[in-house]
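Novice: Listed here are the chains, written in short residue letters.
4 protein chains.
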Amino acid sequence: MTVKVAVIYYSSYGATHAMAERLAETAEKQGAEVRLRHVRETAPAEVYEGQEAWKAHLDEIADRPVASPDDIAWADVVVVGSPTRFGQVTSQLQGFIDTLGPYWSEGKLADKVYTAFTSTQTKHGGQETTLISLITLFAHLGGIVVAPGYTDPLKFADGNPYGASKVTGESSELDDTDRDALDHLVTRAIGVAEKLSA
Amino acid sequence: MTVKVAVIYYSSYGATHAMAERLAETAEKQGAEVRLRHVRETAPAEVYEGQEAWKAHLDEIADRPVASPDDIAWADVVVVGSPTRFGQVTSQLQGFIDTLGPYWSEGKLADKVYTAFTSTQTKHGGQETTLISLITLFAHLGGIVVAPGYTDPLKFADGNPYGASKVTGESSELDDTDRDALDHLVTRAIGVAEKLSA
Amino acid sequence: MTVKVAVIYYSSYGATHAMAERLAETAEKQGAEVRLRHVRETAPAEVYEGQEAWKAHLDEIADRPVASPDDIAWADVVVVGSPTRFGQVTSQLQGFIDTLGPYWSEGKLADKVYTAFTSTQTKHGGQETTLISLITLFAHLGGIVVAPGYTDPLKFADGNPYGASKVTGESSELDDTDRDALDHLVTRAIGVAEKLSA
Amino acid sequence: MTVKVAVIYYSSYGATHAMAERLAETAEKQGAEVRLRHVRETAPAEVYEGQEAWKAHLDEIADRPVASPDDIAWADVVVVGSPTRFGQVTSQLQGFIDTLGPYWSEGKLADKVYTAFTSTQTKHGGQETTLISLITLFAHLGGIVVAPGYTDPLKFADGNPYGASKVTGESSELDDTDRDALDHLVTRAIGVAEKLSA
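Just so you know, the protein sequences line up as chains A, H, G and B, in that order.
All residue numbers for the first sequence refer to full-length UniProt numbering, where the first residue is 1 and numbers rise by one.
All residue numbers for the second sequence refer to full-length UniProt numbering, where the first residue is 1 and numbers rise by one.
All residue numbers for the third sequence refer to full-length UniProt numbering, where the first residue is 1 and numbers rise by one.
All residue numbers for the fourth sequence refer to full-length UniProt numbering, where the first residue is 1 and numbers rise by one.
Extracted from the complex, chain A is given alone in its bound form (with noise of 0.2 Å):
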């Protein structure tokens, strides 16, 4: 069967957005059907207007398609990104998530796969934490959470074994480690997620 992913981010100056599209093209060439949906800005207008680089990038996905609460429904594997805001994920996520109490109760957010990403500008402040408040969503939702652990000798790499995580501190470019554990991570919950389907 085709198993299906949606990956569901925030960006603000594109550094989880290029994880995103990384996790999008890879679980396409698994043969996955892929959404790649940003969130909704919810910071006021004059905030990000005064802020070159974060106005470019809302410029660039102007034209995409929004993440719903109906893309979790549909997706066998949901992927979900954010930067961290002081070890918690962003508000603009957070608000994507405060929408989802009328399909959570409804059951029909559980027993799919989750799994997280995120980026830090400093080395460990949040890297780890805003990634367990990810996973204690997903223990809400009733998801199957798949995280990467130490499952293959590249996660060694790049030393997270909660998710996939970058430090934009370092350079806000994916290198080939951060590419290695986005693969890994999508790669291994499509991976469960055909099993358990099929």
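One thing to keep in mind: the hints can contain errors.
Copies of the same chain are indistinguishable here, so a pair counts whether it falls within one copy or spans any two.
Straight-line C-alpha distance at most 27 Å; calculated BS3-like pairs for lysine-lysine [as the list claims (entries may be wrong)]:
#: 1; residue 1: Lys29; residue 2: Lys4
#: 2; residue 1: Lys195; residue 2: Lys108
#: 3; residue 1: Lys195; residue 2: Lys29
Bear in mind the hints are in silico, worked out from the structure with no lab data behind them.
Being a predicted model, the structure only gives us computed values, none of them experimental.
Take the given structure of chain A and dock chains H, G and B to it, following the hints.
Specialist: Just chains H, G and B now, kept in the frame of chain A:
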């Protein structure tokens, strides 16, 4: 000296609001100068318009002052509260947190006493994780975190060492156990702040 | 196929042991092959000798088999439980976890279904944090984490989406809500394991 | 007044020990009275006998004083450290924590300044979660948690707002970034304790 207390919170239906008001009243009785501040609603109007209790609460607080990062910079004690959304704070509170960057990078939010409160619908669905999320935030801010622990016998009644919490699924009205825990939380925080600025 | 379930736990006074036994019984009723294994006591004899209930429980389980990493390697479903000690698992359970290194590095613990249970003295002093700690462990192991969420109406009674939990301060005997939550936890985990190995 | 600092830690191979020694030296240079205390080894002899570096470290500290709950009761500042084991503290440190019950229930551990440090093999496999576990413990104890945040520019080098941490997989020797972070951690904690007891 007079301790300055900022109670910063979000509430949809009024339970967290009632907790915040109790904290503010008790702080004032202790001789503190208090700013009681809710954060800006960020949900689209079409969402809350359809929910009577939510709309009624928004009307109730319409003329009250809204939280700004300056309220934290001003305070000696910062008490932060939010209902849970799947184990995390609401997007509305996170929306406020997301605006703290400039003050944070100038060091204006550090070295203050911080403590947290929450309310959840279910018994063990965020009573602890939401408070740990807020404590994680406080660590990022360089705060001095004064969790209640079991530093008073009354804490064995409400039973939450990480902050003050209420299970709204049992009743949305504050009862004696709730009030005791809230009073203890803010009184203890004020006591530490007094010592710190002696 | 027959699902293999390892229930691995520590108990000082018997409440977590009662939870573990219920899990094992229910798993057997589902047709699973079950290993019920407590971890080795590591407290010095002079500590537990002085505590009658603790000593009595040690006597009770003296002839039962002790957990080894091989029990995890053998299993399809691993259910791990511990009382809380200040929001974390007991040193006894952690002592067992600390021996997993060699099996972990050979990949023998990955890709299994993991889920957790706990008991605490106080209402909100580790009911969630202990389970999140165990889920964090499962992520390190490359496990497939099957938390219960609210995937059945009975979860709104016990109220814990992260696993099964009991407040022993209320009563150390299992009641119907406890049994329902435990049954749901292990039945759901077995169901996922069956699909995975179909 | 002279601030009393207890540095309580576990180390298998010496990296966390080196961190603890640095903390103790810096605290002494600040004029503090210091107790540097490792916790009792609880692994069976047959385990560590087979590992040369572990055995060598045990020999090195054989004549040094072992931590007791009284060291916390005595102190104004308590700095707790452990390597990670799958995102949690070692069973040896947890073994010590498990003995705190009697002192905790008498309130002897509350109202002290607490802060934490850790070391991990991998880059993002416990650098944050282990520290959050320790902060969770501190909340249970009714401690005053003084995490470093980013209260000094040097914290943007080591990058961990929750405490001091070292990735031993990169090198087990302390480097300047490690020493700076450790010095900052304990100096800041002493500063808060001085204010609290003025």
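Novice: Next, verify each hint and record whether it holds.
Specialist: Verification of the supplied hints:
Taking identical chains as interchangeable, the C-alpha atoms of Lys29 and Lys4 lie at most 27 Å apart only when both belong to the same chain, with a minimum of 13 Å there against 34 Å between chains. Taking identical chains as interchangeable, the C-alpha atoms of Lys195 and Lys108 lie at most 27 Å apart whether they share a chain (20 Å) or sit on different chains (19 Å). Proximity of Lys195 to Lys29 under the C-alpha cut-off of 27 Å is found in both arrangements, the shortest distances being 18 Å within a copy and 25 Å between copies.
In this structure, none of the earlier numbered hints is contradicted; all agree with it.
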